[in-house]
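Peer 1: Once you've looked at the hints, dock chain B against the given chain A.
One line per chain: the protein sequences are A and B, in this order.
Using UniProt numbering, read the first sequence as starting at 1 and increasing by one per residue.
Using UniProt numbering, read the second sequence as starting at 1 and increasing by one per residue.
Among these hints, one or two may not hold up.
Among the chain A residues that face chain B by a calculated CB cut under 8 Å, a handful are [as the list claims (entries may be wrong)]: (1) Val-296; (2) Lys-298; (3) Val-300.
Simulated from the structure, these hints should not be mistaken for laboratory data.
Beta carbons are placed, not taken as given, at the ideal position from N, Cα and C, and that holds for glycine.
2 protein chains.
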Amino acid sequence: MKRNVLIIGAGGVAQVVAHKCAQNNDVLGDLHLASRTIAKCDAIIASVHDKGAMKQDGVFQSHAIDAMDSDAVAALINATGAQIVINVGSPFVNMTVLEACIQTGAAYIDTAIHEDPGKICETPPWYANYEWKRRDACAAAGVTAILGAGFDPGMVNAFARHAADAYMDKVTSIDIVDINAGNHGRYFSTNFDPEINFREFTGTVYSWQDGAWQTNKMFEVGREWDLPVVGKQKAYLSGHDEVHSLSANYPDADVRFWMGFGDHYINVFTVLQNLGLLSEQPVTTAEGLEVVPLKVVKAVLPDPSSLAPDYTGKTCIGDLVKGTKDGEEVEVFVYNMADHKDAYNEVGSQGISYTAGVPPVAFAMLIADGTYDKGTMMNVEELDPKPLFTLLDTIGLPTRVRDADGDRAWNAN
Amino acid sequence: MKRNVLIIGAGGVAQVVAHKCAQNNDVLGDLHLASRTIAKCDAIIASVHDKGAMKQDGVFQSHAIDAMDSDAVAALINATGAQIVINVGSPFVNMTVLEACIQTGAAYIDTAIHEDPGKICETPPWYANYEWKRRDACAAAGVTAILGAGFDPGMVNAFARHAADAYMDKVTSIDIVDINAGNHGRYFSTNFDPEINFREFTGTVYSWQDGAWQTNKMFEVGREWDLPVVGKQKAYLSGHDEVHSLSANYPDADVRFWMGFGDHYINVFTVLQNLGLLSEQPVTTAEGLEVVPLKVVKAVLPDPSSLAPDYTGKTCIGDLVKGTKDGEEVEVFVYNMADHKDAYNEVGSQGISYTAGVPPVAFAMLIADGTYDKGTMMNVEELDPKPLFTLLDTIGLPTRVRDADGDRAWNAN
Numbered sequence: 001m002k003r004n005v006l007i008i009g010a011g012g013v014a015q016v017v018a019h020k021c022a023q024n025n026d027v028l029g030d031l032h033l034a035s036r037t038i039a040k041c042d043a044i045i046a047s048v049h050d051k052g053a054m055k056q057d058g059v060f061q062s063h064a065i066d067a068m069d070s071d072a073v074a075a076l077i078n079a080t081g082a083q084i085v086i087n088v089g090s091p092f093v094n095m096t097v098l099e100a101c102i103q104t105g106a107a108y109i110d111t112a113i114h115e116d117p118g119k120i121c122e123t124p125p126w127y128a129n130y131e132w133k134r135r136d137a138c139a140a141a142g143v144t145a146i147l148g149a150g151f152d153p154g155m156v157n158a159f160a161r162h163a164a165d166a167y168m169d170k171v172t173s174i175d176i177v178d179i180n181a182g183n184h185g186r187y188f189s190t191n192f193d194p195e196i197n198f199r200e201f202t203g204t205v206y207s208w209q210d211g212a213w214q215t216n217k218m219f220e221v222g223r224e225w226d227l228p229v230v231g232k233q234k235a236y237l238s239g240h241d242e243v244h245s246l247s248a249n250y251p252d253a254d255v256r257f258w259m260g261f262g263d264h265y266i267n268v269f270t271v272l273q274n275l276g277l278l279s280e281q282p283v284t285t286a287e288g289l290e291v292v293p294l295k296v297v298k299a300v301l302p303d304p305s306s307l308a309p310d311y312t313g314k315t316c317i318g319d320l321v322k323g324t325k326d327g328e329e330v331e332v333f334v335y336n337m338a339d340h341k342d343a344y345n346e347v348g349s350q351g352i353s354y355t356a357g358v359p360p361v362a363f364a365m366l367i368a369d370g371t372y373d374k375g376t377m378m379n380v381e382e383l384d385p386k387p388l389f390t391l392l393d394t395i396g397l398p399t400r401v402r403d404a405d406g407d408r409a410w411n412a413n
Numbered sequence: 001m002k003r004n005v006l007i008i009g010a011g012g013v014a015q016v017v018a019h020k021c022a023q024n025n026d027v028l029g030d031l032h033l034a035s036r037t038i039a040k041c042d043a044i045i046a047s048v049h050d051k052g053a054m055k056q057d058g059v060f061q062s063h064a065i066d067a068m069d070s071d072a073v074a075a076l077i078n079a080t081g082a083q084i085v086i087n088v089g090s091p092f093v094n095m096t097v098l099e100a101c102i103q104t105g106a107a108y109i110d111t112a113i114h115e116d117p118g119k120i121c122e123t124p125p126w127y128a129n130y131e132w133k134r135r136d137a138c139a140a141a142g143v144t145a146i147l148g149a150g151f152d153p154g155m156v157n158a159f160a161r162h163a164a165d166a167y168m169d170k171v172t173s174i175d176i177v178d179i180n181a182g183n184h185g186r187y188f189s190t191n192f193d194p195e196i197n198f199r200e201f202t203g204t205v206y207s208w209q210d211g212a213w214q215t216n217k218m219f220e221v222g223r224e225w226d227l228p229v230v231g232k233q234k235a236y237l238s239g240h241d242e243v244h245s246l247s248a249n250y251p252d253a254d255v256r257f258w259m260g261f262g263d264h265y266i267n268v269f270t271v272l273q274n275l276g277l278l279s280e281q282p283v284t285t286a287e288g289l290e291v292v293p294l295k296v297v298k299a300v301l302p303d304p305s306s307l308a309p310d311y312t313g314k315t316c317i318g319d320l321v322k323g324t325k326d327g328e329e330v331e332v333f334v335y336n337m338a339d340h341k342d343a344y345n346e347v348g349s350q351g352i353s354y355t356a357g358v359p360p361v362a363f364a365m366l367i368a369d370g371t372y373d374k375g376t377m378m379n380v381e382e383l384d385p386k387p388l389f390t391l392l393d394t395i396g397l398p399t400r401v402r403d404a405d406g407d408r409a410w411n412a413n
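Chain A on its own, in the form it takes in the complex:
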């Protein structure tokens, strides 16, 4: 059954979501795109038409919305007849958009955890602070809500589930490794909104080890990884959403997230942080102007979406999962490799936006056809990953496996 889709947000990931929805509007129904600035929605929809991305004739409309206003979102869901909402707006709007879905019965999909603008790295598990408090309400209303359904979180949760199901009786550790071996050619840039990017790394690093939450500082723990395609790369123990659900579903396993950073990124980040330029608290200039330093840093950095045309190289994101099978120790690396240039050619975005934006469309398609329409709130590892991998093999993000038997497609014999 076709279902109308409402996309919330008009940034780099929304651009990818819009293109992918258009490419699959024979499975999905009417498409709607809403953000605070309608001109950004119009620009995305224009790029969809420029690429001839609509698979078949259909509706793709833009709307202005304040997504912090639950009632306004609910009204837009009703007005558009949307049965699936893909929320790729700011992480500050998750709870109001989710509330609108509970109110209207629409399915809800997001790609990042809810954040309070005034807080950084709250008490773990993060999902328990906001989203999981509405789990019973979703179940009562029969609302399907799939949390963290981008790449990481998202695909990496499915990778962990697949490794556990297919290769082991017992899981002992899940190490998620995110390497961007691409080159944007600028002195320095973040790959998505600098304000959100830096917020990830200025607080405590939480990991789940030995059955408990452990804390570290950013860049305190680093390790070199040898990965398919991108080769040897250094990655650092980092805080990330998926650790906060995988630890609940695999409490006996250590769950860690590792983000790759070059020395140059770390140096720039360290200088800015030590000077106080990453602070979200305002300072006052000698002339009496009150200004948030982080917002000035954002203003001087490149717009991440401007990187796409010149971006070259590949990303490799995957899970190294260890455990036992029939009493023997086993390990498997489940991963995807994406190419920045290919992403730009297909949807006009760089690879980081591409990997985050394609999966939520796959989830929407699997809700539309009933496979994932469970009528309750779920994290991705709570769903059977095989339909997801099968679909993504055909729409842009194929899953691969590397273990003692070699490197191959996830479903190869």
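Peer 2: Only chain B this time, still in chain A's reference frame:
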């Protein structure tokens, strides 16, 4: 004859000037301190009294002034009966204060070249763009104006003159080396106003070599120096005021200025500059606020005057002068060494402010007693340096010499 003094400015250097004038108010007369913010003047005068710095009972008054307003400065000169003006305000006010001196007949002393806020590193020689255009007017009015009478520029110009006069027939090169081997204990700080400090290093580096102006970029040319007390230190070819007068007075010599920088300073500077955070041109944040990045950097950095209590270590600033004497090649290093802690104990300031603030008071005393009251505009190397060295031996900045014959006081036998 005692002469009343008006000090313009209320920053770190003004604090030193105020204390030193007070310590010598038997030679100088009534003291006056004026800046845009009268509270800053009051705080400095209070610190003078706290230290019991007034050598004898006398006047020390604060005034509010807009030093960009020549007529207002002239009125204040007349109202206070000031016969000497020590301008240690922003480098943007030199020309208006000089004009007020020409109008009233007061002697003029400054410690840094005039700057236009909207321009960086103009066409050399810099003095010809502003100050020297008023040389004839000073001579016609019989006004003594001593330009660049701090440490560098200032004492280093006198060091060059002394080396040339005392040790050689012909000068072939003058290398001024400024090393601060002190430690303020902060992650990063400039030693004076960050806005002025960074402006020195974001433009073209001019040096005078082979009888012509040469251009380099900042940090392009570095050299290790082995200096008295501070030992081996790396310094970089930099643009600086004194090169622009010494090259006119010693046109056959190469004239270069070398500023010491640690790798950490260079790294922080490089990151900030490459990101665009040192720009004096405004940017607009996502929220629509227009803000000059350099002013935000200034707002997050420590107030340089706050460094003084914890500052330890020494500065070494001097001239390595090479030439020939009776056909033989000779070289001599003329220098001063200052101690941050000693400076703080005496006048409540760190060593960088101390070395810049003591010399203009010595010049004022030598104008007051007639020695340097020449009734025209001069750069420091145009004056006989011996009275200056003799006075500074007693009031805080003794001059030393190191050459093939050893390391000794400038006037040792």
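Peer 1: The structure should be examined with respect to each hint, and the outcome stated for every one.
Peer 2: Quick rundown of the hints versus the structure:
A cut of 8 Å between beta carbons decides the hint on Val-296(A): the least distance to chain B is about 5 Å, and the hint holds. A least Cβ separation of about 6 Å between Lys-298(A) and chain B falls short of the 8 Å threshold, and the interface hint therefore holds. At its closest, the beta carbon of Val-300(A) sits 4 Å from a beta carbon of chain B; the interface hint therefore holds under the 8 Å criterion.
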